[in-house]
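S.K.: Letter by letter, the chains look like this.
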Amino acid sequence: MAQNKQEAFTLWNPTSSGDRGGAWFLGVLALVAVAVPVLNQLVPATSATHLSPYGITLIGKYLCYGMLAMAVDLIWGYCGILSLGHAAFFSLGGYAMGMYLMRQIGRRGVYGDPILPDFMVFLNYKLLPWFWHGFNHFPFALAMLVLVPALLALVFGWFAFRSRVTGVYFSIITQALTFALMLAFFRNDMGFGGNNGFTDFKEIVGFDLHSDRTRVVLLLVTAAALAASYKACRAIVESRAGRVMHAIRDAESRTRFLGYPVESFKLWIFVFSAITAGVAGALYVPQIGIINPSEFAPINSIEAVIWVAVGGRGTLYGAIAGAVLVNYAKTYLTGAFPEVWLFALGALFVLVTLFLPRGIVGLVGARGKDK
Amino acid sequence: MSGSVRDKRLYLEDLTVSFDGFKALNKLTLYVDPGEMLCIIGPNGAGKTTMMDVITGKTRPDSGTAWFGSGIDLLKLSEAEIVAAGIGRKFQKPTVFERLTVFENLELALAGSRSFLKTLRARITPEQRRRIDEVLEIIGLVGQRGSLGRILAHGQKQWLEIGMLLMQNPELLLVDEPVAGMTPQEIERTAELLLSLAGGHSVVVVEHDMAFVRSIARRVTVLHEGRVIAEGDMDTVQRDAKVKEVYLGV
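Heads up: the protein sequence lines correspond to chains Z and F, in order. Position one of the first sequence corresponds to residue 715 (this note's numbering), numbered consecutively onward. Position one of the second sequence corresponds to residue 36 (this note's numbering), numbered consecutively onward.
By construction, these hints were calculated from the structure, which means they are not laboratory data. Quick reminder that beta carbons are idealized off the backbone N, C-alpha and C, glycines included. Hints may be right or wrong, so weigh each one.
Chain F side only, calculated, beta carbon under 8 Å to chain Z, not exhaustive [said to hold, decoys possible]:
1. A115
2. V118
3. G121
4. E139
5. F151
Next comes chain Z alone, as it looks inside the complex:
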């Protein structure tokens, strides 16, 4: 009886609507994970339904962006913290992966140096900088692509939340953070390849990055990572901690008055979100084949927020859908009408804000439950 009551109550609960949207999302993701290998590996290249390597890369990119958007949604949609610097964590994860890939090139570089990547030879480095050590080991790189974004988020968040920097002020300093990182990474003497960044990767854990088969596997890994991080985020927002996050968003000081350490909650979520963004960036780099400082550009973080707004904040899967749709439109428009893309993006953001406060997902699933 008590169990039935509990179920009836769950139906009403906006934070756990049985997650039908999530089931749909995971279903579509599984479909992609099946279709991509089939269409690329089994369908002959001459067929019209064959998926080109470019197509795989594009899908992989969308999934990475989806993961970034979900990370933004976790803190913005649930905790009310608008980060306009999440591309920084994405880029740091990407750079960590890039460092590993650079060290894998070895003698196959243009200059043939067994230790130093090409750009270091070009810039007259004699020794490998200390922070490049260890990146020839894949597990070390994996650890770093989690730890570096996490540490930055921890330190930055600790200072920001402890000083009760909230709202638009927090958004502005996160923009400053990513902008500062961009300027730093542009400098040649940072040891990260300056404005050229890293490219010309050869292989990852022994597999040729230019073979279709590796591309397919990378895409499958990305899909699995996206599904797993979705599940993790979903578990967080449906726990009591998730309800505290809602409470913080609705009435922060009231939550504090109930005795919850609001700053600590924000910090945990911010760090987790940064790690998710970092992993997304790390998956992005081997598929795209390049990482450079322009990934830190402030506009990238703003775009990620627009994806979330378009898809529908506070649902997780909505953010992913928004990222895929907006980027699909971007791929199309920047190809067909390159000059209108930014106007289209701006117009989209204005229209969504005015007419679709709950995003595309809100439009589809408008059952008035949250009214």
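Place chain F on chain Z using the hints.
M.R.: Just chain F now, kept in the frame of chain Z:
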């Protein structure tokens, strides 16, 4: 009055708070008995809110003492520690969590660990569920347990907030203008609710609505310019010449 100052729930003695020379509290002395329902009235600026602020640690007095029971010096505790010690305050403007259900609002107010990792793994125990049901019963919101906070009527929000205080089973409840903006039916319901709480808890109500005060208070304290000018049952204080002069305006 039983001359003894022992066995009181709350002791406020000689409290003085001044803001830029203006004395919000002027040697205020006041006691609250265990399980008592005390109503505090007074014109604007009499020091009612400042007194609540001192008890809850939001404002520190310039001089005087504030003890909770005979063992807890409130002036040494932080706001959060005062809450944990068993003093709950309901603010004038109701703030419930709008996008959580009534049940979830009460769940978050449950006593227990507040750390992120603990709440991440927290599951509601049958005992906690019973406690929530019990409070839902007391505040009369059983039918609204699954409704979002934001669809509640004004009065219901006030009751929910009182319910959230009750979840932590405080020994002293401070209630700031509970019936402002309520319909007569809601006022009546609130009076019943507060009266049912007295006995189990000490309840201090600050209110302007005289009819309401008359309906719930056994003891009324009148504040004026930061000090107590009269005390007693409603009829006694209303007959008091000083009270008539400063407050009732007769």
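S.K.: Looking back at the numbered hints, which does the structure fail to meet, lowest number first?
M.R.: 3
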